[in-house]
Amino acid sequence: MPDTGVTVRAAIELRGLTKRYGSFTAVDDVSVEIPAGQVFGLLGPNGAGKTTTIKMMAGLVTPTAGTARLSGHDIGAQRSQAVRQIGAVLEGSRNVYWSLSAWQNLLYFGRLKGLRGSKIKPRAERVLRDLGLWDRKDQSVGGFSRGMQQKVAIAAALVTDPPILLLDEPTIGLDVEAARTVREWVVQLARDEGKTIVLTTHQLAMAEELCDRVAVIRDGRIIADLPTRELLDRYVEDRFAVEVAGDAAAVVDALPPNTTLESDDGRTTIQLPTADQDSLHTVLATLHNGAVSVQGVSRVRPSLEEVFVKLVKGE
Amino acid sequence: MTTAVAPPAGFARFGAGMLMLGNETNKGLRVMWVHKTPLVLQVASLTALYWAFQFFLGGGRFVSELLAMTFLAYLAYMVAYIAILRMAAGVLEEMYTGTLEQSLLSPLPPWVQSLGRLAAALVEGLATAAVVAGFYLVIFAVMDVEPSFEWAALAPLALVLADVAGFAMLIGGLALIVNSIGAIIHVIQNVIMLVNGAFIPIFVFPDWLALTSKIVIPTTLGLDATRRILNGGESLDQVWSDGTLAWAALHAAVLLVLGWTVYQAAIRRGLREGRLGA
Numbered sequence: 001m002p003d004t005g006v007t008v009r010a011a012i013e014l015r016g017l018t019k020r021y022g023s024f025t026a027v028d029d030v031s032v033e034i035p036a037g038q039v040f041g042l043l044g045p046n047g048a049g050k051t052t053t054i055k056m057m058a059g060l061v062t063p064t065a066g067t068a069r070l071s072g073h074d075i076g077a078q079r080s081q082a083v084r085q086i087g088a089v090l091e092g093s094r095n096v097y098w099s100l101s102a103w104q105n106l107l108y109f110g111r112l113k114g115l116r117g118s119k120i121k122p123r124a125e126r127v128l129r130d131l132g133l134w135d136r137k138d139q140s141v142g143g144f145s146r147g148m149q150q151k152v153a154i155a156a157a158l159v160t161d162p163p164i165l166l167l168d169e170p171t172i173g174l175d176v177e178a179a180r181t182v183r184e185w186v187v188q189l190a191r192d193e194g195k196t197i198v199l200t201t202h203q204l205a206m207a208e209e210l211c212d213r214v215a216v217i218r219d220g221r222i223i224a225d226l227p228t229r230e231l232l233d234r235y236v237e238d239r240f241a242v243e244v245a246g247d248a249a250a251v252v253d254a255l256p257p258n259t260t261l262e263s264d265d266g267r268t269t270i271q272l273p274t275a276d277q278d279s280l281h282t283v284l285a286t287l288h289n290g291a292v293s294v295q296g297v298s299r300v301r302p303s304l305e306e307v308f309v310k311l312v313k314g315e
Numbered sequence: 001m002t003t004a005v006a007p008p009a010g011f012a013r014f015g016a017g018m019l020m021l022g023n024e025t026n027k028g029l030r031v032m033w034v035h036k037t038p039l040v041l042q043v044a045s046l047t048a049l050y051w052a053f054q055f056f057l058g059g060g061r062f063v064s065e066l067l068a069m070t071f072l073a074y075l076a077y078m079v080a081y082i083a084i085l086r087m088a089a090g091v092l093e094e095m096y097t098g099t100l101e102q103s104l105l106s107p108l109p110p111w112v113q114s115l116g117r118l119a120a121a122l123v124e125g126l127a128t129a130a131v132v133a134g135f136y137l138v139i140f141a142v143m144d145v146e147p148s149f150e151w152a153a154l155a156p157l158a159l160v161l162a163d164v165a166g167f168a169m170l171i172g173g174l175a176l177i178v179n180s181i182g183a184i185i186h187v188i189q190n191v192i193m194l195v196n197g198a199f200i201p202i203f204v205f206p207d208w209l210a211l212t213s214k215i216v217i218p219t220t221l222g223l224d225a226t227r228r229i230l231n232g233g234e235s236l237d238q239v240w241s242d243g244t245l246a247w248a249a250l251h252a253a254v255l256l257v258l259g260w261t262v263y264q265a266a267i268r269r270g271l272r273e274g275r276l277g278a
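Heads up: the sequence lines are chains A and B, in that order.
Per the working numbering, the first sequence starts with residue 1, numbered consecutively.
Per the working numbering, the second sequence starts with residue 1, numbered consecutively.
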């Protein structure tokens, strides 16, 4: 790519972000750059510092040290400009007024960011229609299901069309259907609208599905920060998996010791204990002799959940 | 498409501030309207309380002079009661539900929102006082009680309102940092009711109590000036020349500055300690 001489500034830049409460360090020297349009997953066990980091990004917790810049604006020194860049759904709170209607909430939060009603209304209508809330826009949010309330919270965060979204556990407490709606929305916002999204979640399958990049935080420190694919590749195990049609019952006794079999939906995955080529050839020959149809051979790839567990255990 | 809102400057920033002030007031009044049933009960109980107290104070009858001299102070107590309650309970409720943090994601400083919250609380207080006043004006007409009115009294009454505003802001700020604020508010509201002149004019208090009430209790100084104009036949010049009105103005100014300062300090401390959210 030719050098145009233009420096593309990251959407979010955290430099040495630290938060101490007395002798307890909640967040310790976190430095991250998140380019525009990226879905960034911040994962960690309870109490690891995810929410404190998100709140420092949003200017809702004052850092002990370090800076957070949003679209180039320092949240400490240029708060007025910085907060215009973000919409946030915070964990463990209602985020919106339950005694008001969805429409009233969106108008309120739009004006809170300095927009006039005439600019908010078309956007609010679009967001509510997209989230399937338009028909109930005048009903009190307190009467909605938990999933619908969370949708209103997301709609309120989006009503000013900010370039950055901070989503702290956005699917917590949601049923499967509502969680899926939120996931689909995150994908749409990132892919179609180019928004930069910081997502914290304990649902690691969701993080694996949505995040371009994942950072794992433990005891306030970032212990891994890689593109999701690269992180998973790093933990690819040194053994093979052979996928076959059927249940492979005819050859089970002939397989090497410590081989594991998992059957699902008419297929069986045979995981060999090593990546030894001779063992693989022996197993393939056994399958061939037993007339078992081989569907594929691959290196064992862990899920993000398995990688996460290894990382937080320090393996 | 992504469009972060452009920051306003100068006059536009003032306009944005006014827009947000209106937004906050509008929200506060809408939330209040949703909870209108407790509001009706509140109006009823505040109406009955004055009636019952005056009945007991009059030894089983209503004393017209006492009613005329205390009624405005009782209305001022009502406005203070509601404004203090709404500021403290409102800010605590928003803290526990997470909407306080969401409201801090505004480009304008937190004090603009606190003014909006205060405006809504004062409107609710004044509206409640107006309903109770309307009821009692009918009762007074039946009882031949003649409450006097002078335009000059509006000046000290405005200072009473400013006093209430500053004090409510102060309590709203303290609510963010003091855990047992509920009990403290309860005591404060009762003390205001007992010694601001709502039931007995302060000139019958012992000197030390009258002086303490004027210095410590919001509304007392302004109400004393109002009573002297309405019931004592004094002019605005007279209550100004002996310093009463000036002291009332100073009292209101100190409370407004103190309330604003404490509220800002409480928000800064909350951000530092990360305790403004759910």
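Because the hints were derived from the structure by calculation, they are not lab data.
Using N, Cα and C, we set each Cβ at its ideal position, and we do this for glycine too.
It is possible that some hints are incorrect.
[Said to hold, decoys possible] Selected chain B positions facing chain A (Cβ under 8 Å, derived; list incomplete): (1) Asn179; (2) Pro206; (3) Asp207.
[Stated by the list, open to error] If you want a taste of the chain A side facing chain B, the calculated C-beta under 8 Å gives, among others: (4) Ala58; (5) Arg111; (6) Trp185.
Going down the list of hints, with the structure as the test:
1. With its C-beta approaching chain A no nearer than about 17 Å, Asn179 (chain B) sits outside the 8 Å limit, and its interface hint is violated.
2. At its closest, the beta carbon of Pro206 (chain B) sits 46 Å from a beta carbon of chain A; the interface hint therefore is violated under the 8 Å criterion.
3. A hinted interface residue such as Asp207 (chain B) counts as satisfied when its beta carbon comes closer than 8 Å to some beta carbon of chain A; here the least separation is about 48 Å, so the hint is violated.
4. For Ala58 (chain A), the interface hint holds, since its Cβ comes within 8 Å of a Cβ in chain B; the closest pair sits about 6 Å apart.
5. For Arg111 (chain A), the suggested interface contact is upheld, since its CB lies about 4 Å from the closest CB of chain B, less than 8 Å.
6. Annotation: interface hint on Trp185 (chain A) violated; nearest CB of chain B at approximately 15 Å, more than 8 Å.
Of the numbered hints given earlier, the model fails hints 1, 2, 3, 6; all others are met.
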